[in-house]
Amino acid sequence: DQQVKQNSPSLSVQEGRISILNCDYTNSMFDYFLWYKKYPAEGPTFLISISSIKDKNEDGRFTVFLNKSAKHLSLHIVPSQPGDSAVYFCAATGTASKLTFGTGTRLQVTL
Amino acid sequence: NAGVTQTPKFQVLKTGQSMTLQCAQDMNHNSMYWYRQDPGMGLRLIYYSASEGTTDKGEVPNGYNVSRLNKREFSLRLESAAPSQTSVYFCASNITPGNTIYFGEGSWLTVV
Numbered sequence: 843d844q845q846v847k848q849n850s851p852s853l854s855v856q857e858g859r860i861s862i863l864n865c866d867y868t869n870s871m872f873d874y875f876l877w878y879k880k881y882p883a884e885g886p887t888f889l890i891s892i893s894s895i896k897d898k899n900e901d902g903r904f905t906v907f908l909n910k911s912a913k914h915l916s917l918h919i920v921p922s923q924p925g926d927s928a929v930y931f932c933a934a935t936g937t938a939s940k941l942t943f944g945t946g947t948r949l950q951v952t953l
Numbered sequence: 577n578a579g580v581t582q583t584p585k586f587q588v589l590k591t592g593q594s595m596t597l598q599c600a601q602d603m604n605h606n607s608m609y610w611y612r613q614d615p616g617m618g619l620r621l622i623y624y625s626a627s628e629g630t631t632d633k634g635e636v637p638n639g640y641n642v643s644r645l646n647k648r649e650f651s652l653r654l655e656s657a658a659p660s661q662t663s664v665y666f667c668a669s670n671i672t673p674g675n676t677i678y679f680g681e682g683s684w685l686t687v688v
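Residue numbers (this note's numbering), protein chains in the order written: chain A, 843 to 953; chain B, 577 to 688.
A hint or two may mislead.
[As the list claims (entries may be wrong)] Keeping only pairs whose Cα atoms sit at most 25 Å apart, straight-line, the calculated DMTMM-like set for lysine to aspartate or glutamate is:
id: 1; chain 1: A; residue 1: Lys847; chain 2: B; residue 2: Asp602
id: 2; chain 1: A; residue 1: Lys940; chain 2: B; residue 2: Glu628
id: 3; chain 1: A; residue 1: Lys896; chain 2: B; residue 2: Asp614
id: 4; chain 1: B; residue 1: Lys647; chain 2: B; residue 2: Asp602
id: 5; chain 1: B; residue 1: Lys633; chain 2: A; residue 2: Asp926
id: 6; chain 1: A; residue 1: Lys940; chain 2: B; residue 2: Asp602
id: 7; chain 1: B; residue 1: Lys633; chain 2: A; residue 2: Asp873
id: 8; chain 1: A; residue 1: Lys879; chain 2: B; residue 2: Glu655
id: 9; chain 1: A; residue 1: Lys898; chain 2: A; residue 2: Glu857
id: 10; chain 1: A; residue 1: Lys913; chain 2: B; residue 2: Glu635
id: 11; chain 1: A; residue 1: Lys879; chain 2: B; residue 2: Glu628
id: 12; chain 1: A; residue 1: Lys847; chain 2: B; residue 2: Glu635
id: 13; chain 1: A; residue 1: Lys940; chain 2: B; residue 2: Asp614
id: 14; chain 1: B; residue 1: Lys647; chain 2: B; residue 2: Asp632
[As the list claims (entries may be wrong)] The calculated label-pair distances, taken between Cβ atoms and stated as ranges, are:
id: 15; chain 1: A; residue 1: Ala883; chain 2: B; residue 2: Ala578; range: 16 to 22 Å
id: 16; chain 1: B; residue 1: Thr596; chain 2: A; residue 2: Val920; range: 43 to 49 Å
id: 17; chain 1: A; residue 1: Gly925; chain 2: B; residue 2: Val664; range: 18 to 24 Å
id: 18; chain 1: A; residue 1: Pro921; chain 2: B; residue 2: Gln598; range: 39 to 45 Å
id: 19; chain 1: A; residue 1: Gln845; chain 2: B; residue 2: Thr596; range: 44 to 50 Å
id: 20; chain 1: A; residue 1: Gln845; chain 2: B; residue 2: Ile671; range: 18 to 24 Å
id: 21; chain 1: B; residue 1: Val664; chain 2: A; residue 2: Thr868; range: 25 to 31 Å
id: 22; chain 1: A; residue 1: His918; chain 2: B; residue 2: Arg653; range: 26 to 32 Å
id: 23; chain 1: B; residue 1: Ile671; chain 2: A; residue 2: Tyr881; range: 39 to 45 Å
id: 24; chain 1: B; residue 1: Ser627; chain 2: A; residue 2: Ile860; range: 40 to 46 Å
id: 25; chain 1: A; residue 1: Ile895; chain 2: B; residue 2: Ile671; range: 34 to 40 Å
[Said to hold, decoys possible] Partial chain A-side listing against chain B, Cβ under 8 Å, derived:
id: 26; residue: Ser870
id: 27; residue: Tyr874
id: 28; residue: Tyr881
id: 29; residue: Glu884
id: 30; residue: Gly925
id: 31; residue: Thr945
Quick caveat, the hints were computed from the structure, so don't treat them as lab data.
On a predicted model such as this, the values are computed, not experimentally measured, just so you know.
Virtual Cβ for every residue (Gly too), placed ideally from N, Cα, C.
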């Protein structure tokens, strides 16, 4: 039972355009959501997070949106750069519980 | 600026052999985790230790054992390796469960 779902295994976007990565969750107890970025042969690195008391969090080119009623979050990257090409994992957790990860979306930013 | 360090980075094992993956963190985190990553499966939790002296099973614990040696170190042992355990293993830690988690660089394990 996949509690965190990333339904798009891959996404290709042109440099300079917006990348939108989506994530859905089923557990209503989740109240903290994170995005991780992973390059080949490296460990995942924390990118941005959002608490359930907010609906938007911004950090430079990266913005995460949370729609609690739809149990959906998205990561927007504007403008996309070739160095953003990586696998992006969505993760969710409830208070004092373990993180649950999605299966990842591979983003390729083309020139 | 080490963060989470895991060894070895690469290992090839024969079916039935045993080995231990070592992990240490220098961030004074209470909680530590072992994940495996397989194509199309994302990051799956094998075992975790919410605090020193405790360990619990995650999503895919079969075939593995863990030891929380002290606050800094958390090892993962494969007693009798199987080809299905061919994977990339990541150690991770955070201050407490429910907070941002920090990963090591990964250990690539192949069982032939």
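Tested hints:
Of the pairs offered as hints, the one joining Lys847/A and Asp602/B is violated, with about 32 Å between alpha carbons and a cut-off of 25 Å exceeded. Of the pairs offered as hints, the one joining Lys940/A and Glu628/B holds, with about 16 Å between alpha carbons and a cut-off of 25 Å not exceeded. This hinted pair does not check out: Lys896/A and Asp614/B have alpha carbons roughly 32 Å apart, beyond 25 Å. With a C-alpha separation of about 9 Å, the suggested pair Lys647/B and Asp602/B falls inside the 25 Å cut-off, and the hint holds.
Simply put, Lys633/B and Asp926/A have alpha-carbon atoms about 34 Å apart, too far for the 25 Å limit, and the pair is violated. With a CA separation close to 20 Å, the supplied pair Lys940/A and Asp602/B stays within the 25 Å bound. A hinted pair counts as satisfied when its Cα atoms are at most 25 Å apart, and Lys633/B with Asp873/A qualifies at roughly 22 Å. Taking the CA atoms of Lys879/A and Glu655/B, the gap is about 32 Å. The hint is violated against a cut of 25 Å.
The hinted pair formed by Lys898/A and Glu857/A meets the criterion: a straight-line CA distance of about 24 Å does not exceed 25 Å. A hinted pair counts as satisfied when its Cα atoms are at most 25 Å apart, and Lys913/A with Glu635/B qualifies at roughly 22 Å. For the given pair, Lys879/A sits about 28 Å from Glu628/B by alpha-carbon distance, which is inconsistent with the 25 Å threshold. A hinted pair counts as satisfied when its Cα atoms are at most 25 Å apart, and Lys847/A with Glu635/B qualifies at roughly 16 Å.
Restraint check for Lys940/A and Asp614/B: the C-alpha separation of about 19 Å stays at or below 25 Å, so the hint holds. For the hint linking Lys647/B to Asp632/B, the alpha-carbon distance of about 15 Å falls within 25 Å, and the restraint holds. As the Cβ distance of Ala883/A to Ala578/B is approximately 18 Å, the hint placing it in 16 to 22 Å holds. For the pair Thr596/B and Val920/A, the beta carbons lie near 45 Å from each other, so the given range of 43 to 49 Å is met.
Distance hint for Gly925/A and Val664/B: a CB-CB separation of about 22 Å, consistent with the stated range 18 to 24 Å. Against the hinted window of 39 to 45 Å, the Cβ-Cβ separation of Pro921/A and Gln598/B comes to about 41 Å, which satisfies the hint. Under the hint 44 to 50 Å, the C-beta atoms of Gln845/A and Thr596/B, about 30 Å apart, miss the expected range. Taken as a hint, the range 18 to 24 Å holds for the pair Gln845/A and Ile671/B, whose Cβ atoms sit roughly 23 Å apart.
Checked against the hint of 25 to 31 Å, the pair Val664/B and Thr868/A passes, with Cβ atoms roughly 26 Å apart. A hinted range of 26 to 32 Å for the beta carbons of His918/A and Arg653/B is inconsistent with their spacing of about 42 Å. Separated by about 25 Å at the C-beta atoms, Ile671/B and Tyr881/A break the suggested range of 39 to 45 Å. One distance hint, 40 to 46 Å for the beta-carbon pair Ser627/B and Ile860/A, holds here, with the actual separation near 42 Å.
Checked against the hint of 34 to 40 Å, the pair Ile895/A and Ile671/B fails, with Cβ atoms roughly 20 Å apart. For Ser870/A, the suggested interface contact is broken, since its CB lies about 16 Å from the closest CB of chain B, more than 8 Å. At about 6 Å, the closest approach between the beta carbon of Tyr874/A and any beta carbon in chain B falls short of 8 Å, and the interface hint on this residue holds. For Tyr881/A, the shortest C-beta to C-beta distance to chain B is roughly 10 Å, which exceeds 8 Å, and the interface hint is violated.
Hint status for Glu884/A relative to chain B: holds, with the closest Cβ pair at about 6 Å, below 8 Å. A least Cβ separation of about 19 Å between Gly925/A and chain B goes past the 8 Å threshold, and the interface hint is therefore violated. Residue-level restraint check for Thr945/A holds (minimum Cβ-Cβ distance to chain B is 4 Å; threshold 8 Å).
Hint check: violations occur at hints 1, 3, 5, 8, 11, 19, 22, 23, 25, 26, 28, 30; the rest are consistent with the structure.
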